[in-house]
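A.B. asks: Since each chain sits alone in its own frame, please combine them into the complex, following the hints.
Sequence lines, in order, name chains L and Z. Just so we're aligned, residue 26 is where the first sequence starts under the numbering used here, counting upward by one. Just so we're aligned, residue 5 is where the second sequence starts under the numbering used here, counting upward by one.
It cannot be assumed that every hint is accurate.
As the list claims (entries may be wrong) - Once the Cα atoms are required to be at most 16 Å apart in a straight line, the calculated EDC-like pairs of lysine to aspartate or glutamate come out as:
#1 Lys67/L with Asp42/Z
#2 Lys93/L with Glu81/L
#3 Lys93/L with Asp52/L
#4 Lys26/L with Glu63/Z
#5 Lys26/L with Asp64/L
#6 Lys93/L with Glu28/L
As the list claims (entries may be wrong) - Rough simulated footprint, nothing fancy, chain L against chain Z, three-plus residues with beta-carbon under 8 Å:
#7 50-64
#8 93-102
These are calculated hints, taken from the structure and not from any lab test. Backbone N, C-alpha and C fix where the C-beta goes; we use that ideal spot for every residue, glycine too.
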Amino acid sequence: KQEVTQIPAALSVPEGENLVLNCSFTDSAIYNLQWFRQDPGKGLTSLLLIQSSQREQTSGRLNASLDKSSGRSTLYIAASQPGDSATYLCAVNTGNQFYFGTGTSLTVIP
Amino acid sequence: NAGVTQTPKFQVLKTGQSMTLQCAQDMNHEYMSWYRQDPGMGLRLIHYSVGAGITDQGEVPNGYNVSRSTTEDFPLRLLSAAPSQTSVYFCASSYDRWGAYGYTFGSGTRLTVV
Numbered sequence: 026k027q028e029v030t031q032i033p034a035a036l037s038v039p040e041g042e043n044l045v046l047n048c049s050f051t052d053s054a055i056y057n058l059q060w061f062r063q064d065p066g067k068g069l070t071s072l073l074l075i076q077s078s079q080r081e082q083t084s085g086r087l088n089a090s091l092d093k094s095s096g097r098s099t100l101y102i103a104a105s106q107p108g109d110s111a112t113y114l115c116a117v118n119t120g121n122q123f124y125f126g127t128g129t130s131l132t133v134i135p
Numbered sequence: 005n006a007g008v009t010q011t012p013k014f015q016v017l018k019t020g021q022s023m024t025l026q027c028a029q030d031m032n033h034e035y036m037s038w039y040r041q042d043p044g045m046g047l048r049l050i051h052y053s054v055g056a057g058i059t060d061q062g063e064v065p066n067g068y069n070v071s072r073s074t075t076e077d078f079p080l081r082l083l084s085a086a087p088s089q090t091s092v093y094f095c096a097s098s099y100d101r102w103g104a105y106g107y108t109f110g111s112g113t114r115l116t117v118v
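Isolated chain Z (complex conformation) (with noise of 0.2 Å):
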């Protein structure tokens, strides 16, 4: 079935461990972005892509990097864990930067560090 696929559903780190959210889709999507989501905020955008090799920064990109090699893939990569990382993250991809045909979401990835 098209949509994005997140790896892995749930983790548990220890500070200062580091360790990548892989992200994949299959729809030919130009955009993809990063998200978490922290009780009462709402989701944040923490990168995003408009391309293979173009990458920049939303509003909570500290402590995480990413590249995009291919169309299908984003991953994201937690340099050295903090508690403050523990969060719900979720990947999202788009035919186009301004979301003419809406977002898709994959399912998320629990990250509890400890």
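Bound-form chain L, shown alone (with noise of 0.2 Å):
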């Protein structure tokens, strides 16, 4: 079964801050890996989504990497804002179904 694990499981950083949340993977058999911004209560929202095929993909100030082979895959966060203060989870698509990690609590301070 595949186990996704995401460290650190909580985060506390200053605005303006560069930082990277990690997701590791067990199984490298994926079709895409996806990550997601979850705020309290609240549903999912997806920030990016890496084909299996591809080593990254970047929307403003997002940037996701993927290292298929060894199971890994970061998520940067350039100049980081109170707004980004979220739960990140990420995912990994087998095919029929996501396995999620159990998240990253990111809470960044004015």
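C.D. replies: Below, the structure is given as structure tokens:
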């Protein structure tokens, strides 16, 4: 069974700092990986989708990388802002379903 | 606006009661799924459907039923609610089972069973 781990579980940074969130998965046979953002009491908002043949994707201040062979992905957030405070989830698709990590709770301090 | 709509947003049930959580999408997605989210456990797949008339079980299917009579709708039925089913339920859809264009999630249903 696919296992997805996110480290750290929680992270607190001052505003303006660049930061990296980590995601690892045990089975490299994936179709794609998706990063989501979840605000308290809300649903999941898609941030970036990386296909298994891709190495990275960028959207604004966000950059996600994928190293399928080593089972790792990182989400890089540049120039963090208080509005970035949320829980970030990564999920890998193995066909028929996504397997989710338990997330990294990010707090950006003004 | 195109997306996934879940109703109700909140629900309190007594043990033993039954109910249906509704999920509808207007993106003509073939794949739909139900997840539950519990503290410290992440999201876990309950049931999924790869098209109208086709459903299958996920990781935690016990106590839940689904059917898919149309492309748009994928209701989740709790047959006899138990306190262990207290959770937040999310419906998600995608163009295909491989999530080629990613998943779109509904806003969730927060269920409490007392």
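A.B. asks: Taking the hints in turn, state whether each one holds.
C.D. replies: Evaluation of the provided hints:
no. : hint                 : verdict
1   : Lys67/L with Asp42/Z : holds, 14 Å
2   : Lys93/L with Glu81/L : holds, 11 Å
3   : Lys93/L with Asp52/L : holds, 9 Å
4   : Lys26/L with Glu63/Z : holds, 10 Å
5   : Lys26/L with Asp64/L : violated, 28 Å
6   : Lys93/L with Glu28/L : holds, 14 Å
7   : 50-64                : holds (count 4)
8   : 93-102               : holds (count 4)
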